[in-house]
Amino acid sequence: MSSRRTSQSWRSRKKCGVPSANHPAANRPKPLSFCAKHSVALLGGTAKLEQVLHRNALLLVEDSSDDEVLSLRAIKNCGVPCGVTVIRHGDEVVSALLAPEAPVPDLIVLDFHLPGVNGLEILRELRKHDKTRHIPVVMLSALESDQEVAQCLIEGASSCVLKPNDPSVYVDHVGLIARYWLDVDRRREPEIA
2 MSSRRTSQSW RSRKKCGVPS ANHPAANRPK PLSFCAKHSV ALLGGTAKLE
52 QVLHRNALLL VEDSSDDEVL SLRAIKNCGV PCGVTVIRHG DEVVSALLAP
102 EAPVPDLIVL DFHLPGVNGL EILRELRKHD KTRHIPVVML SALESDQEVA
152 QCLIEGASSC VLKPNDPSVY VDHVGLIARY WLDVDRRREP EIA
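Read in order, the letters of the sequence shown correspond to residues 2 to 194 in our numbering.
One or more of the hints may lead you astray.
Computed spacing ranges between beta-carbons, pair by pair [claimed, not checked]:
| no. | residue 1 | residue 2 | range |
| --- | --- | --- | --- |
| 1 | GLU126 | ASP173 | 26 to 32 Å |
| 2 | VAL105 | PRO165 | 27 to 33 Å |
| 3 | ASP167 | SER96 | 33 to 39 Å |
| 4 | GLY80 | VAL118 | 28 to 34 Å |
| 5 | LYS132 | ASP184 | 20 to 26 Å |
| 6 | ASP131 | GLY80 | 30 to 36 Å |
| 7 | ASP131 | SER169 | 36 to 42 Å |
| 8 | SER169 | HIS90 | 27 to 33 Å |
| 9 | ASN166 | ASN119 | 19 to 25 Å |
| 10 | ASP167 | PRO104 | 32 to 38 Å |
| 11 | ASP173 | PRO101 | 35 to 41 Å |
| 12 | LEU177 | LEU144 | 16 to 22 Å |
| 13 | ASP92 | ASP184 | 30 to 36 Å |
| 14 | ALA100 | GLU122 | 15 to 21 Å |
Rather than coming from a laboratory, the hints here were simulated on the basis of the structure.
Each residue gets a CB set at the ideal place from its N, CA and C atoms; glycine is no exception.
Using the sequences and the accompanying hints, generate a full structural model.
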């Protein structure tokens, strides 16, 4: 049995309550806000990182729309008010965060497997810069690879979490991650280099 999750399992848009790409509703624009306490903005086009990040800010870097929907549901229900910025392409992350006027998020939830620049390369780059070195980065991976997890931790990930096959477990895991890093661990001071 392969350790790689199949995209057929729980990731079908029908099971997640998201219309398929062929459904007319799939082309509707996503709202920028889903709750008074939680705001979501998709980075791209003319959106700027500094417009959407604020106190208790979480940056979600995820190319899968199904995983994005589940992650946003988890963050919404985690009990910690926060703003969420979603970036879908790995090559946009570092430049957006290192822009001189860009604020620093309190947490980055970073998918390991992204098109273009992968999550590990992004992590390495973030750890090189004073502005981003102290940000907790939680890596999410669909593969069960001890080597992948070890490499993430060696490169400075705060945690590395396997994306579960069950959507309710996925939502629980991401919610716990957000609650821990945005609430419980919020009291720690950034390290001074």
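Quick rundown of the hints versus the structure:
1. GLU126 x ASP173: 26 to 32 Å: The hinted range 26 to 32 Å holds for GLU126 and ASP173, with Cβ atoms some 30 Å apart.
2. VAL105 x PRO165: 27 to 33 Å: holds, 29 Å
3. ASP167 x SER96: 33 to 39 Å: holds, 35 Å
4. GLY80 x VAL118: 28 to 34 Å: holds, 32 Å
5. LYS132 x ASP184: 20 to 26 Å: Given about 23 Å between the Cβ atoms, the range holds.
6. ASP131 x GLY80: 30 to 36 Å: holds, 32 Å
7. ASP131 x SER169: 36 to 42 Å: holds, 39 Å
8. SER169 x HIS90: 27 to 33 Å: holds, 28 Å
9. ASN166 x ASN119: 19 to 25 Å: Given range 19 to 25 Å: holds, Cβ gap about 22 Å.
10. ASP167 x PRO104: 32 to 38 Å: Taking Cβ atoms as reference, ASP167 and PRO104 lie about 35 Å apart, which means the hint holds.
11. ASP173 x PRO101: 35 to 41 Å: holds, 38 Å
12. LEU177 x LEU144: 16 to 22 Å: holds, 21 Å
13. ASP92 x ASP184: 30 to 36 Å: holds, 31 Å
14. ALA100 x GLU122: 15 to 21 Å: holds, 19 Å
Taken one by one, the earlier hints all hold for this structure without exception.
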